[in-house]
Amino acid sequence: MLTCKSSMKLLHVFLLVVLPYLNLALSSSGVGDHAEIIRCIERERQALLKFKQAIIEDYGRLSSWGSTKDCCKWEGVHCSNHHNATSHVTILDLRYSYGYDPYQPLRGKISPSLHELHHLRYLDLSFNNDLYGPIPQQFSNLSNLRHLDLGNNYGLNSENLEWLSHLSLLSYLDLSWVQLSKATGWAQSISNLPLLNELYLHTCSLPNVTHSSLIHSNSSVSLSFIDLAVNGLSSSIFNWLFNFSSSLADIDLLDNKLKGLIPDAFGDMVSLRHLNLGLNQLEGGLPKSFVNSSHLQSLVLSDNNLTEELHEFLQKLSGSKNSLESLYLFNNRLTGPLPDFTGFSLLTKLHIDNNSLSGPFPKRIGILSSLLYLDLSGNQISGSFPDLSVFPSLEILYLQNNQLNGTIDRRIGQHHKLKVFNCAFNLLKGTISEAHFSNLSSLWYLDFSYNALTFNFSSDWVPPFQLDVIKFSSCKLGPRFPKWLRTQNKFSLLDMSSNGIVDNIPSWFWDLSPRLSDLNFSHNQINGLLPDLSLKGQHFCGIDLSNNLLTGPIPLVPPFLYNLNLSKNKFRESLHFLCVNTSGYLDYLDLSNNLLSGEIPYCLSHFKELSFISLAYNNLYGEIPISIGSLSQVQILNLRNNKLSGEVPAWLGTNLTSLIVLILRSNEFKGSIPRQLCHLNRIQILDLSQNHLSGNIPPSLSDFTSLVQSNYNYETNAGDGGEYGTYVANAFVQWKGQDQEYGKNLRLLKTIDLSSNKLSGKIPVQVGRLAGLHSLNLSRNTLTGKIIQEIGQMKMLECLDLSANKLSGEIPGSLAHLNFLSVLNLSSNNLSGEIPLSTQLQSFNASAYSENPNLCGLPLPNKCLGDPLITPQPKDKSIQEDEDRSITQGFYVSMGLGFFFGFWGVFGTILYNSRSRHAFFMFLNHITDWIYVTISLNWARLQRRL
Numbered sequence: 001m002l003t004c005k006s007s008m009k010l011l012h013v014f015l016l017v018v019l020p021y022l023n024l025a026l027s028s029s030g031v032g033d034h035a036e037i038i039r040c041i042e043r044e045r046q047a048l049l050k051f052k053q054a055i056i057e058d059y060g061r062l063s064s065w066g067s068t069k070d071c072c073k074w075e076g077v078h079c080s081n082h083h084n085a086t087s088h089v090t091i092l093d094l095r096y097s098y099g100y101d102p103y104q105p106l107r108g109k110i111s112p113s114l115h116e117l118h119h120l121r122y123l124d125l126s127f128n129n130d131l132y133g134p135i136p137q138q139f140s141n142l143s144n145l146r147h148l149d150l151g152n153n154y155g156l157n158s159e160n161l162e163w164l165s166h167l168s169l170l171s172y173l174d175l176s177w178v179q180l181s182k183a184t185g186w187a188q189s190i191s192n193l194p195l196l197n198e199l200y201l202h203t204c205s206l207p208n209v210t211h212s213s214l215i216h217s218n219s220s221v222s223l224s225f226i227d228l229a230v231n232g233l234s235s236s237i238f239n240w241l242f243n244f245s246s247s248l249a250d251i252d253l254l255d256n257k258l259k260g261l262i263p264d265a266f267g268d269m270v271s272l273r274h275l276n277l278g279l280n281q282l283e284g285g286l287p288k289s290f291v292n293s294s295h296l297q298s299l300v301l302s303d304n305n306l307t308e309e310l311h312e313f314l315q316k317l318s319g320s321k322n323s324l325e326s327l328y329l330f331n332n333r334l335t336g337p338l339p340d341f342t343g344f345s346l347l348t349k350l351h352i353d354n355n356s357l358s359g360p361f362p363k364r365i366g367i368l369s370s371l372l373y374l375d376l377s378g379n380q381i382s383g384s385f386p387d388l389s390v391f392p393s394l395e396i397l398y399l400q401n402n403q404l405n406g407t408i409d410r411r412i413g414q415h416h417k418l419k420v421f422n423c424a425f426n427l428l429k430g431t432i433s434e435a436h437f438s439n440l441s442s443l444w445y446l447d448f449s450y451n452a453l454t455f456n457f458s459s460d461w462v463p464p465f466q467l468d469v470i471k472f473s474s475c476k477l478g479p480r481f482p483k484w485l486r487t488q489n490k491f492s493l494l495d496m497s498s499n500g501i502v503d504n505i506p507s508w509f510w511d512l513s514p515r516l517s518d519l520n521f522s523h524n525q526i527n528g529l530l531p532d533l534s535l536k537g538q539h540f541c542g543i544d545l546s547n548n549l550l551t552g553p554i555p556l557v558p559p560f561l562y563n564l565n566l567s568k569n570k571f572r573e574s575l576h577f578l579c580v581n582t583s584g585y586l587d588y589l590d591l592s593n594n595l596l597s598g599e600i601p602y603c604l605s606h607f608k609e610l611s612f613i614s615l616a617y618n619n620l621y622g623e624i625p626i627s628i629g630s631l632s633q634v635q636i637l638n639l640r641n642n643k644l645s646g647e648v649p650a651w652l653g654t655n656l657t658s659l660i661v662l663i664l665r666s667n668e669f670k671g672s673i674p675r676q677l678c679h680l681n682r683i684q685i686l687d688l689s690q691n692h693l694s695g696n697i698p699p700s701l702s703d704f705t706s707l708v709q710s711n712y713n714y715e716t717n718a719g720d721g722g723e724y725g726t727y728v729a730n731a732f733v734q735w736k737g738q739d740q741e742y743g744k745n746l747r748l749l750k751t752i753d754l755s756s757n758k759l760s761g762k763i764p765v766q767v768g769r770l771a772g773l774h775s776l777n778l779s780r781n782t783l784t785g786k787i788i789q790e791i792g793q794m795k796m797l798e799c800l801d802l803s804a805n806k807l808s809g810e811i812p813g814s815l816a817h818l819n820f821l822s823v824l825n826l827s828s829n830n831l832s833g834e835i836p837l838s839t840q841l842q843s844f845n846a847s848a849y850s851e852n853p854n855l856c857g858l859p860l861p862n863k864c865l866g867d868p869l870i871t872p873q874p875k876d877k878s879i880q881e882d883e884d885r886s887i888t889q890g891f892y893v894s895m896g897l898g899f900f901f902g903f904w905g906v907f908g909t910i911l912y913n914s915r916s917r918h919a920f921f922m923f924l925n926h927i928t929d930w931i932y933v934t935i936s937l938n939w940a941r942l943q944r945r946l
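In full-length UniProt numbering, the protein residues as written are 1 to 946.
Note that these hints are calculated values from the structure, not bench results.
The beta-carbon is built from N, C-alpha and C at its ideal position, and this holds for glycine as well.
Be aware that one or more of the hints could be misleading.
Claimed, not checked - Below, a list of computed lysine-lysine pairs in the DSS-like style, where the Cα atoms sit at most 30 Å apart:
#1 K670 to K483
#2 K257 to K349
#3 K806 to K762
#4 K476 to K608
#5 K417 to K483
#6 K536 to K476
#7 K419 to K349
#8 K363 to K257
#9 K608 to K670
#10 K536 to K570
#11 K73 to K50
#12 K786 to K758
#13 K490 to K429
#14 K570 to K643
Said to hold, decoys possible - Distance windows between CB atoms, simulated:
#15 H539 to S847: 50 to 60 Å
#16 G584 to T307: 23 to 33 Å
#17 S438 to G60: 49 to 59 Å
#18 G785 to T307: 55 to 65 Å
#19 G785 to S234: 29 to 39 Å
#20 S168 to T307: 37 to 47 Å
#21 N456 to P392: 53 to 63 Å
Whole structure, please, built from the sequences with the hints as guidance.
This is the structure:
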């Protein structure tokens, strides 16, 4: 039993020893504010609170700031780990991590109060996106800062970087996406950071380096990583960069304006491991000095103008055979045969696509066991399909857009690691059997499109793979719908167009893959009805079932559909199905060439994103609903060959100002052409023919800006190239007297067709300003007056039809100046006088001028009054004999050889170049015309002399 004295002694010990620890526990647990131990220095606490005040904080990221007086416990704040009562803030990390951060990015301005954190070593505010305003110049006081990351805040800016010069301990700096366009001395400021190791200035609009920036002192000798990508820098950056050649290991100059040859100095950088000079304007080949690059691991020279032969290029990299892992050379002009690159033992990624490589795959080639990714697409590689056994680890293989022929070796089925296999657009043939896929268990992307391949599988075949992308366009899979597809339930894209399928789509197909987003069964003979597609997939983006034999009403479609092409089928009934889908995502709608009837529904206004609308070749009637006027994004509107009536709405010109193609041909429209149509300054194809339009042709047609430009623009944007994703904007256009369907080339046409109406009055002289127009058809109207003299200003005109009008007067001499004119019809008018003499106008058939009783001259048979009769002078017989003797057997041999090499030298070159091909055939067309006209004129003169 304890005595009273001993009890008092124990209490004394408790008070002296235990109680202090109890108080400390209570304070550290936050019990009682007055008892809390606060490590945070008040001055630094206030600086952080001022920073918070400048931030618009909606999502609780800084909710802990102020909840306790100890700022060392706040979100993103870390203090020095000292045993004394107070600690300095050393780390402020508020970086936002997409997908991992439970909060949202910060937004607002960066308060200069942070300069009070004198002991701060680490500051990271990156990836918040919505921080804006200037970087405080007071950051120059953060002299202990080692790590500064303000990158990926698109609203930040700094007019100079002089404040950086005071941060002498800085080793890591990231200001990517910060606007630095006014920071002319940035390079000098960077050079004054002696300990800087990593520098990231990606997409900063950096000014070019000036001469003064190249004169520096105390330059960093430790700079190892530098990222200056996407800044528009000129080649002057090289001189500054090479000041750090002894330390630099990683250089990124992607997407700048570097020109000329690749400098030799890169090859002398002994520490260089990663070099990215892609997407510039470099030319020539690789410097010989690169043979010294023994540590180079990745080299990116893609998207330049390099013209070296590939085997020479690789020889200069021989010093990197035991280090090079990634080589990116795509989108250049490298030539020569494909060399043996298997000497690079560590190579894992090789991208040589879209160059000018030719010849077969090398037969004698070593084994490259490390190669995972091989892209040879977009070249002219010929010969048989390569032996892939030399690449046992291959996972990604792109061979599309070459000239490979023969069959595909069955041994490809043994590449169990192969994930992506694309050999589309080649000359491959033969049968694809189950053996080709026997062990391809990893395959998820397969593209055999546009080859002469036939698929032969047993009805119960179960593939070893689960595909995500399946593309077999223009291969032979039919006539029956492939049953093996039933085993695939993870595909998102399926293209079985032009597969010779003569069958219906089985009901089980629509429930196969919940991930299906793009479906193309076009150009088959698929028949039957479609189910309610709105219930079959929420992820559908594109459906193309065009050119089939599908019947019945069009069912409801998925709500998030972007592209729908059901053209050239036998669908009946109305367009009511469109009114159920109110999601408004539809961008491409082609229901042409069906048996649809009724009026165009008002509900089309739901689809604000529509760019392409074709309802042509149906039985639609009524007026164009005014709701279409709200579709301001429409570029192509094709309503031809229906029974639409009423007037051409004036709002087509005022509301649909993005229109590039407007086709209302073969309907029942009446009234005049509204002058508001002339507001369509992007229009390239305007077809209002075969209606009941009356009145005059609006003089303001010259306001069509895109038709005034006289140059051939092959990159013009008719529907942004005539393509919408994988969908091509097809349309039938009257061209040179015939209906022709245009797809990708639709963007090249510039035509106006107002034929077969009841238009009257004169041809406005303003029409002559349409110098870029390729075809003008005003035939079968009641136009009067003369053919305008200004017609000669339309330098690009290839087709002109003014027939079946009431035009009078002489043919203007300026018409003879249209050098591209290849189709002309002036028949059935009241034209008079002599047809002007030129190599162009006399090349046309007499029918082009027929039924003009008062017209005379070639090529018409009736001569004009006053034609001179000249007696030909006989040729000296001795001269004729000398000319005959000059044509010897050697002459014919030389002529034959000259033709062979000349023809294939030119024709073989242009065969693969669309621009050259167009120019070449235009040249041939005019040469043919010239020869014909010259012969005609000389023959006519000879007849006159005789």
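Okay, the hints, checked on the actual structure:
1. K670 to K483: With a Cα-Cα distance of about 54 Å, the restraint between K670 and K483 is violated, given a limit of 30 Å.
2. K257 to K349: Holds. K257 to K349 sits at ~26 Å (cutoff 30 Å).
3. K806 to K762: Holds. K806 to K762 sits at ~10 Å (cutoff 30 Å).
4. K476 to K608: 39 Å, violated
5. K417 to K483: Roughly 25 Å between the alpha carbons, so the hint for K417 and K483 holds.
6. K536 to K476: 27 Å, holds
7. K419 to K349: 14 Å, holds
8. K363 to K257: 40 Å, violated
9. K608 to K670: 28 Å, holds
10. K536 to K570: Distance of about 22 Å is within 30 Å: holds.
11. K73 to K50: 17 Å, holds
12. K786 to K758: Cα-Cα ~18 Å, so holds.
13. K490 to K429: With Cα atoms ~28 Å apart, K490 and K429 stay inside 30 Å; holds.
14. K570 to K643: 18 Å, holds
15. H539 to S847: 50 to 60 Å: 57 Å, holds
16. G584 to T307: 23 to 33 Å: Because 49 Å falls outside the window, the suggested range is violated.
17. S438 to G60: 49 to 59 Å: With a Cβ separation near 56 Å, S438 and G60 satisfy 49 to 59 Å, so the hint holds.
18. G785 to T307: 55 to 65 Å: 57 Å, holds
19. G785 to S234: 29 to 39 Å: 58 Å, violated
20. S168 to T307: 37 to 47 Å: 46 Å, holds
21. N456 to P392: 53 to 63 Å: Roughly 27 Å apart at Cβ, these two residues miss the hinted range, so it is violated.
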